[in-house]
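*Asks:* Work out the full structure: start from the sequences and follow the hints.
There are 2 protein chains.
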Amino acid sequence: MPELRKDPIVGRWVIISTERGKRPTDFPSVTKAKESKICPFCPSNENSTPPEIYAVRENGSKPNSPGWSIRVVPNKFPALRIEGDINREGEGIYDKMNGIGAHEVIIETPDHTKDLVDLDLSQIEKIIWAFRERVLDLKKDPRFKYILIFKNEGEAAGASLEHAHSQLIATPILPKRVIEELEGAKQYYNYKERCIFCDIIKQELHEKVRVIALNDLFVAIEPFASRFPFETWLMPRYHDSSFEYIKSEQIPHFAAIFKETLARLAKALNRPPYNVMFHTAPLDNRDSKEYHWHVEIIPKLTKVAGFEWGSGFYINPTIPEDAAKYLSEIKLD
Amino acid sequence: MPELRKDPIVGRWVIISTERGKRPTDFPSVTKAKESKICPFCPSNENSTPPEIYAVRENGSKPNSPGWSIRVVPNKFPALRIEGDINREGEGIYDKMNGIGAHEVIIETPDHTKDLVDLDLSQIEKIIWAFRERVLDLKKDPRFKYILIFKNEGEAAGASLEHAHSQLIATPILPKRVIEELEGAKQYYNYKERCIFCDIIKQELHEKVRVIALNDLFVAIEPFASRFPFETWLMPRYHDSSFEYIKSEQIPHFAAIFKETLARLAKALNRPPYNVMFHTAPLDNRDSKEYHWHVEIIPKLTKVAGFEWGSGFYINPTIPEDAAKYLSEIKLD
Chain A
17 MPELRKDPIV GRWVIISTER GKRPTDFPSV TKAKESKICP FCPSNENSTP PEIYAVRENG
77 SKPNSPGWSI RVVPNKFPAL RIEGDINREG EGIYDKMNGI GAHEVIIETP DHTKDLVDLD
137 LSQIEKIIWA FRERVLDLKK DPRFKYILIF KNEGEAAGAS LEHAHSQLIA TPILPKRVIE
197 ELEGAKQYYN YKERCIFCDI IKQELHEKVR VIALNDLFVA IEPFASRFPF ETWLMPRYHD
257 SSFEYIKSEQ IPHFAAIFKE TLARLAKALN RPPYNVMFHT APLDNRDSKE YHWHVEIIPK
317 LTKVAGFEWG SGFYINPTIP EDAAKYLSEI KLD
Chain B
17 MPELRKDPIV GRWVIISTER GKRPTDFPSV TKAKESKICP FCPSNENSTP PEIYAVRENG
77 SKPNSPGWSI RVVPNKFPAL RIEGDINREG EGIYDKMNGI GAHEVIIETP DHTKDLVDLD
137 LSQIEKIIWA FRERVLDLKK DPRFKYILIF KNEGEAAGAS LEHAHSQLIA TPILPKRVIE
197 ELEGAKQYYN YKERCIFCDI IKQELHEKVR VIALNDLFVA IEPFASRFPF ETWLMPRYHD
257 SSFEYIKSEQ IPHFAAIFKE TLARLAKALN RPPYNVMFHT APLDNRDSKE YHWHVEIIPK
317 LTKVAGFEWG SGFYINPTIP EDAAKYLSEI KLD
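In the order they appear, the protein sequences are chains A and B.
Every position in the first sequence, counted from 1, becomes a number in this note's numbering once 16 is added.
Every position in the second sequence, counted from 1, becomes a number in this note's numbering once 16 is added.
Treat each hint with caution, since some may be false.
Identical copies go unnamed one by one, so any copy, or any two together, can satisfy a pair.
[Claimed, not checked] Below, in silico cross-link-like pairs of lysine-lysine (BS3-like), each with a Cα-Cα straight-line distance of 25 angstroms or less:
| hint | residue 1 | residue 2 |
| --- | --- | --- |
| 1 | K22 | K192 |
| 2 | K192 | K202 |
| 3 | K130 | K224 |
| 4 | K305 | K155 |
| 5 | K112 | K208 |
No lab work stands behind these hints: they were computed from the structure.
Owing to the predicted nature of the structure, the values given are computational and were not obtained by experimental measurement.
*Replies:* Structure follows, in structure tokens:
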């Protein structure tokens, strides 16, 4: 059973993956790692993953067999375990609890050769729908407080398998990063009685110097205080706290701006490794006036080093307005 | 002039390095970077750096010429600039200020072939002394609120030059990470009327399952809630909030545990890339009963990915007690 441990100074929870139990020689940089030959996410290898939880199958094919266009399976090496009780306890001045949660993989396409950016709009819409369905289902479990949807593309961004996939992790406590955003948004709301994200969108659409893509319902910007070069946020122009209540008529607009943004980044930066994180309200916080769901995309171009780890500051060598200019001027095919 | 910009949601400051102005093709992963042939930190290349601020020269040699054993110079590409006023201002809902600060490089040895771990104890003592002297000098500038000493060893840990060196950055605002530690330590102190770090040390010395090195004045541990495999903290066993008041008779003990810890990590993990961060109280916070200086060492073995960026949680695949056992059982020559 993985263990959740709390740093007693800053209150940050850490997942200690007791079952993986990596020794020094288990790290690729210490000893060269072996490569697996069979892709567990390719059609016909369905038995290489745990049984599927959700799939899009239009041809009447059977579960855990080929014929799917999207497939969601439990992570074979989950960071958190679905079975058991949370069981909070102390150990002297330290606090810990069982690592309860859910960890799922969304296989985005049966085609091993394609990345997310290469998929048709209709396929990206199905992926968004799968995210929505999985969150709505996991929400029923009262042990979970938060669900994070994320994607690691490329080895430098932490991907261990190259076949296009996203992941989601449901956690029994609110993550630190989420608490910080909620508290910041709340402070602003208390002062202004307006959503800070709505105000950011208004200013960005007026100034137009950091916008890289726009449609009727969504906008993509380089944030004013970008931590990383070419960091990009996707935001709904309408106010809603929670991604999982996206309506079926909104999904095509979101899929379109998501694909366009990934295409601009891919062309400007030569298909960089990147991370995508969905930021949404905690599960019990439906209809928050203060919070506004959005998606952060971070191309992996620089290394996080001692100054960043020690200070929590970031040094960004690219001016966000310059990045926006490059990205918005890219000619897409 | 670099610009400090504040994220309006979470209040995180970011340094936008306006002068470097990196374009897409300036990132090594996008276009292969050229390697510089001449090491600016080697003796006889003193003119490749800005003029020295501090040096240890025992043979009467002249500044900015060979003959030094330690040399401190301004960073040629500083993240923050020493000249100018802070000049806080708004831009709609956003906040920014000039990027005022100091950014120095401590060249740890004239010998290009040696890493910090390879140096004699007497040389490491001189490096610690140089850190102390530079902080005490920069403290006189009332514009600075914090000074972070850090080291990036190896390209994967963010080092751009291989010649052994550390850096320090003085900032005009308290970094987020520092505020979090101060607030956590203060909460504990308010509740217990004891320093949380002193209590951690007491428990660790009693349990002995996470200690990897120990002498009369210092202890090295794998923290209970380690974010990363083989993350290691060095802590003074005596209470002091501020590194820069380390006494000359304490320095040999600190140098000894620093070298021993680096040697254990180097042998266990095949000389991994790593980051070192000195955590000390803010410059105006001398004699805090709540805060306790310490040093964090993070070997770079895993990649920070979407889950970590999105949640602020970390997944550590190595149990800290296992890491401590490996490291403490290493036989040093």
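*Asks:* What label fits K192 with K202 when the C-alpha limit is 25 angstroms: within, between, both, or neither?
*Replies:* both (15 angstroms within a copy, 19 angstroms between copies)
*Asks:* With 25 angstroms as the alpha-carbon cut-off, assign the pair K130 and K224 to within, between, both or neither.
*Replies:* neither (33 angstroms within a copy, 51 angstroms between copies)
*Asks:* Checking K112 and K208: alpha-carbon separation at most 25 angstroms within a copy, between copies, both or neither?
*Replies:* For K112 and K208, the Cα distance is within 25 angstroms only across copies (20 angstroms; inside one copy 38 angstroms).
*Asks:* When Cα atoms must be at most 25 angstroms apart, do K22 and K192 count as within-copy, between-copy, both, or neither?
*Replies:* both (11 angstroms within a copy, 19 angstroms between copies)
*Asks:* Quick one: K305 to K155, C-alpha cut-off 25 angstroms, is that within a copy, between copies, both, or neither?
*Replies:* within (20 angstroms within a copy, 44 angstroms between copies)
Figure legend: structure checked against the earlier numbered hints; the only hint not met is number 3.
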